[in-house]
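J.: Okay, here's what each chain looks like letter by letter:
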Amino acid sequence: MFIASFLARRLFQGALIVLLVSAIIFTLLRVVPGDPVRLMAGGMAPEALIEQIAEDMGLRDPIYQQFGRYVGGMLQGDLGQSFVRPANGASVGGASFDDNTRSERAEVWDLIANTAPMTLQLALLAMVFALIIAVPIGVWGGLRPGEFPDRFALYLSSVFVSLPNFWLGIVLALVLSVKLKLLPAIGYDGFAYTILPALVLAVEIAPFIIRTLTVSVAGVMGQNFIDIAAVRGLTRNQIIFHHALKNSAVPLLNLLGVQFSMLLGGVLVIEFIFDYPGLGLLTINAVMQRDFPLIQGIAIVTAAAFVLINIVVDLCATAIDPRLEY
Amino acid sequence: MALDTAHSTEALLSVRGLTVTLESEGKTRAILEDISFDLKPREILSVIGESGSGKTVLARALVSWLSAPLRVTSGEVLFSGSDLIADKAYAKSLAGREIAYVGGNPAGALDPTMTVGAQLVEKLRAVRPDISAADAKEKAIRLLGAVKIPSAERRYHEYPFQYSGGMMQRVMIVDALISDPALLIADNITQPLDVTVAAQILKLMRELNADFSTAILFICSSLPVACDAGDEVMVLHAGRVVERQSSANLVAKPEHTYTRQLIEELPTLWADDRKGRDTPPNRDQQAIMSVRGVAKYYATRGKTGKALVQAVRNVEFDVFPGDNFGIVGESGCGKSSLLRLLTGLERPDAGSIFFEGENVGEASSKRLRALRRHFQLVLQDPYGSLPPQSAIGSILEEPLKIHGIGDRKERRERARAAMSEVGLNEALYDSLPTGLSAGQRQRLNVARAMILEPRLLIMDETLSALDQTEQGKLLDLFERLQAQHGFTYIFISHDLTMVRRVCSRIAVMYLGETVEVAPNERLFFDPGHPYSRALLSAAPTLEERRYRPEDCLLEGEPPSPIDLPPGCAFASRCPHVFERCHKENPALTSRGNHALAACFLDSNTGAKDSIHD
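These protein sequences, in sequence, are chains R and P. FYI, my numbering numbers position 208 of the first sequence as 208, with every residue one higher than the one before it. FYI, my numbering numbers position 561 of the second sequence as 1561, with every residue one higher than the one before it.
Isolated chain P, as found in the complex (with noise of 0.2 Å):
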């Protein structure tokens, strides 16, 4: 490739022809093809492709973490002009001290039964064992400290399972970083994180870069995220390189057909306002699902004494008939606990829950499994969620036999009729779900759902395993199917373009609570609560921001729901906070037009917003 052979003798990483091959069952197939690129120092560039283009391979050929079957069959990786393929034991001395790796999944990223300093110092003197055992614990907690951990000196002493997963992700960038390599391999690092912490790793990230003369390779999935953390992006398909462009010129001048589509089919937030399906529900009739100040506590015992986790507080909202109703909101937000409370698998502790009139939260279980046939839940595990050991057909039959629907032939032609409608070929009726994709899982999900007919479905993060495409095909699959049986939705979902696609109204949670529930448009373009304005700034997307992070967030985590403040619980986190915040909990009132928001500054910052429109 013509821009890479420029500057290679200033490189410091120059990847030349490299080829990466998976052997199978005797057959052989290149996962890379001939991969070419360099890395000058303090460079970062992004590589961008979607899953199964070989992004994780690459990064794992450039640390030497290729097993069998993968193995490279040709290529250099030159690092500072030496072939780390050829000379293995030269990659592995640099292995942790010149090349660094921070990998998607923190959470098992560290031994679980030493504490995070111990291990910051056991691998800077592992790589570096000149330095003193004093020296690389005031160097650790010197760069906690520099990535915003708070109290450094004190978590120094904590165990892994005390962090939160964004503070997990800072640790492992402190590991990579502690011994101060001129290369570090990202690999997806914030896939796993909320929007919120994943901005603040990717702002974290570039601030090290400067500060440390870092060169990093970025690679991720997500077009917007790659754009924003890298100088230039690499864009990988199909275990080739299509294209290598400045972030800017990519997205306004893509060459390659493959970067094309990318951007094309990439869902927007603001940019055309067709969208967000805003038919207002009639209100006339009585809501489907109502819920009213609904709250779940769950007790705990720690080594520090009983504790009691307020997962969901005041979380209150109305769906309507025909509605797509979404959910959005963080991890850890309650959004699952919701879903117990909202499916009768759990009763709440205060508040209550009707589901068309009906409370669910007191009625008898023999009732709850009657009213159960309508309203139906579709889960986000697509392995998880389906018994591996059942043919698909009875798996679909199961709930017609636990409600005593039909006989044998009529179950049958019920299950195979729900098998044509969500597009799973029926000749899979006596196979078994191991051979299906993920995608064929959530059809499969969704056909088990619907089978009894339900009126209300609930879909709890049901597409957030499945790539962009499959997305979309499987939305337009709900639309039609609410077309025809007339379902309604609530959407439980953190992805905030796919909620904006469907939904026509959104609550929006944070710690347990409703912060804000409006119609799509209205939450988009004029959220009533900072919190909503956080999460709009933070979302990936390529279009001009709205909501700016810098001005919508302070840095820092969510509180513990154990321990919440009195008071606002986003208070800590809010750039607007005043005095009132920290000692009254403001509640959900009404900003008009169906949209309600639970701020105390909301007239004035709403009428600050508006004035952009």
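Pulled out of the complex, with its shape left as it was, chain R reads as follows (with noise of 0.2 Å):
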């Protein structure tokens, strides 16, 4: 009952969201400079006739007639045609406005749909990666506060932190793949090619993981029902792992939620680097292109992914404390 509720709250909330992001990237891609019609047709295509495909796309309407239609198709799970990419999967469209491949442009929910598997794919990766190195580390510092393992977790922290993500990148890639061979780095073939970039990212969040558990573990390791639990006559281990991680897990819930969200949104650095075929570098292509329609629907998607991590977090929240309610 609580449940029901609570997800018929949250998800109009959430889409009440959506809608408002949508309609503020509707609107600032709308003005800034830049004329897409002039960048599909072509440098060459004359003026009329760049005129007449703007008229048939409606871009010419209102900003609100065109949002009301874009909102229409979007509720039917349609969110519109590239503006430049074809369907077939062939390069980018070319300068000449006649162009034969230019009829078929792509869906761009297709081209989401294809790349945000491979984005969630790596950020699945990465989390997995920084919760291993970062929960021993962090929860070790926060057992012994102001000792050995608290400083070590600081000073590791301090170091991830500041090794930028192209720079390890780039070292990475030039280690293990190509000295050592180990690891492929470049496109995307395989499994394997998703180790490289989310160890990358891995060392950018974990720090954030190592800080929020020391500091959450330590917080309840000095709370009263912990120091009372072994005169109760329970065991160090039952102490630890059945109460002291319990209750420092709501901290770095809310964290994984934030940090798994901006992986999903884009990792644009790490993927452009890697040509990773994620979300981030079609974000990359579709702002160089000024593919209104793709990043319009990779907003909306990242938004509405937003939108449900926060759900699941909050819920896994209440799941863990009760107290907490949302």
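Where hints are given, some of them may not hold.
Said to hold, decoys possible - Simulated pairs of lysine-lysine, DSSO-like, Cα-Cα distance not exceeding 27 Å:
| id | chain 1 | residue 1 | chain 2 | residue 2 |
| --- | --- | --- | --- | --- |
| 1 | P | 1088 | P | 1040 |
| 2 | P | 1139 | P | 1203 |
| 3 | P | 1092 | P | 1139 |
| 4 | R | 246 | P | 1092 |
| 5 | R | 246 | P | 1137 |
| 6 | P | 1092 | P | 1040 |
Simulated from the structure, these hints should not be mistaken for lab results.
Hey, can you piece these two chains together into the complex? The hints should help.
T.: See the structure below:
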């Protein structure tokens, strides 16, 4: 009963957020300079033709009309068609206006559906790596505040956080792929291609997890019920694994939600460096080509993902700590 | 000690020459020195001592819960003949199994993320792994029932935050007794509880002692409670055992000077009539503060939907200039919410509050600030109520700055004058409040409130964080200030003895309502409301009680202010309840001589009580 009303309320709020985000993105994209029709049709196309294409596509209508049409399509799962990308997957629209592939432009939904799973895979793997690195170090540091493990956690986080990800990516690619030939680096042709970028991302987010965990574990360990648990006769393992970790999990969960959303939103630099065919790379290309419908689509899908992840995080947090109410 | 050596062979717990030291900055200080005593099976031994006497350290030493910088330097703690100090593994194996501990802070004693039942089972199976989960659950529910937690089966599945403080302390007692321990160390278990709830817990503990044949070491800081609880009382003073006697003998024939002093200083409620400053206020003048039918509701949103907490309802009273007006009631009765209304921090949802004829609840915020110059507030927590990074002088000058009074030099002079008036050394002007004791901090708080020369001072539990001696000194200070400046005081407190000593008129609150407003003498000798009688019956005192808890209070806790029953809120705990109480809520009615009570039975019960006088 509680879950049903919770989900109903949060999904409704989420839908509002997504609508708002799409309205903002839609408007912003149309007030920035640069005519997408010119890009699509090619630099050599005559002015009249450009105007005609623009008319046909409804690009000269008032923004609110365009937005209305767009939302109408969105509700039916239609995010429009890319201005630039052809459906057959061939290269980006050429300079000549009579390019015959232009008439079958790719569906935005398909473009996102093809790349999002790649990013999801990358994000999940990065998260797993980050947790493997951060949880033992963070918990260890939290159990011994002020002592070596705590300082070790702090120093390691400082080092990790100061490594620029593009530099680390290049160095790791150089060492692991070029010199040692352990892992493939560029492009995507199987799961192994995900490992290297995930590793770089893990190093980037691990410090935040370590820090959150040391602080929250140390905080929980100082609480009365932990203090008194040994007197009540509980063993140290019970105290740490049943009580301390469970209570420290809520701040960690919130952090993971935010981090995961950011990973899903496209890790632009990393995907670009490793030429990883995920949402990030798609975004970069879409922006460079002024592919309005694609940018909009990506923004809306990411916003929806943010909303969903937050709902899941809050639901998990209430399951862990029943005092929380969202 | 002679009385300890007598039956050492049959003692369950026998402490010999226990010394615990505190090491700080290279210095070593003894917290406990040469403590020796025996505790026989099934015996209840109370340990009494003021704060700093080492009671809690003793409790912790017995359950092997001392951590650096505290250290046992010599002595033995023999449990059934084996030394717990020497054999840490043995001590560990007894923890929670044979030696159980209940502390004074039930609120944070269990993991907030797990149900109470799950944690009871976890504890039992941790110390007695041979018990099956199903048996453990069955036992937990049975014991929850035994400590009188209503609908134990359902409460078993609830979380700690769904329990009230008193309920939680019962749970902690179950937690301690679930493993059938031979010894229970109860460290200040009634201290955070309201008097009526504490009385119930004490009664419960004695019943359990009989049923479960557990020996109890009952540690507390209140002599009446200690004498009530234990067969014998051991007095701890400055880390040493100064005296041990049976409860009755201790009061009748105290041997040590410290014990005698303790008994002498103990405030009384009824013993001598001179007290109670029953100077009837001059009722011809205008009331300085007049509260009329005030109510305040807070909306909360829970998992079950929205709910309205009725924090304050139907509060009515007048405070006249020169009065010492007391507002008493247990935690959750709406004292603090009422205070927020009286000071204009929040506005009432109904009713009105007049300060010298002006409605505080409807004054504009600018007017309110001007009015506040004339009524000031002194808070409960001496630590949280002072900004730690401001010097004492600037803390005192801040109110003057806010109200734009005087120039820099004049403000400085007034701050110094206020300091000397409340007994703070003027040399402290530039220092931070960090080094001040609780008593000094409250003096500073008082000085900050009176620097604006208000006419009314509202004291919110101002003295409850202080020990007896310090309380006495501050009360003297209040009296002196009143004589000099003509202050009127409103004391908000849960401490009946303090109220008895200081106040001229007293309002008793229960669940947001004023159930009785009466002059001091009348309230203590002829209370008009059954709740007032219950409060008096539960008050910790060594005197012969005018009201016995058994007659005045039914088992059970106050209803929740979210879900108030129709009719009188006290009906569920009232021994005189009858049909009408469940339907109608009685209003305050006059009983003559400026005494008011909200009870249908008032005239009957009042008459019955007056026979005793």
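J.: Now, for every hint given, state plainly whether the structure supports it.
T.: Comparing the hints with the structure gives:
no.	hint	in the structure
1	P:1088 <-> P:1040	holds, 23 Å
2	P:1139 <-> P:1203	holds, 22 Å
3	P:1092 <-> P:1139	holds, 24 Å
4	R:246 <-> P:1092	holds, 24 Å
5	R:246 <-> P:1137	holds, 22 Å
6	P:1092 <-> P:1040	holds, 22 Å
In terms of the numbered hints stated before, the structure departs from none.
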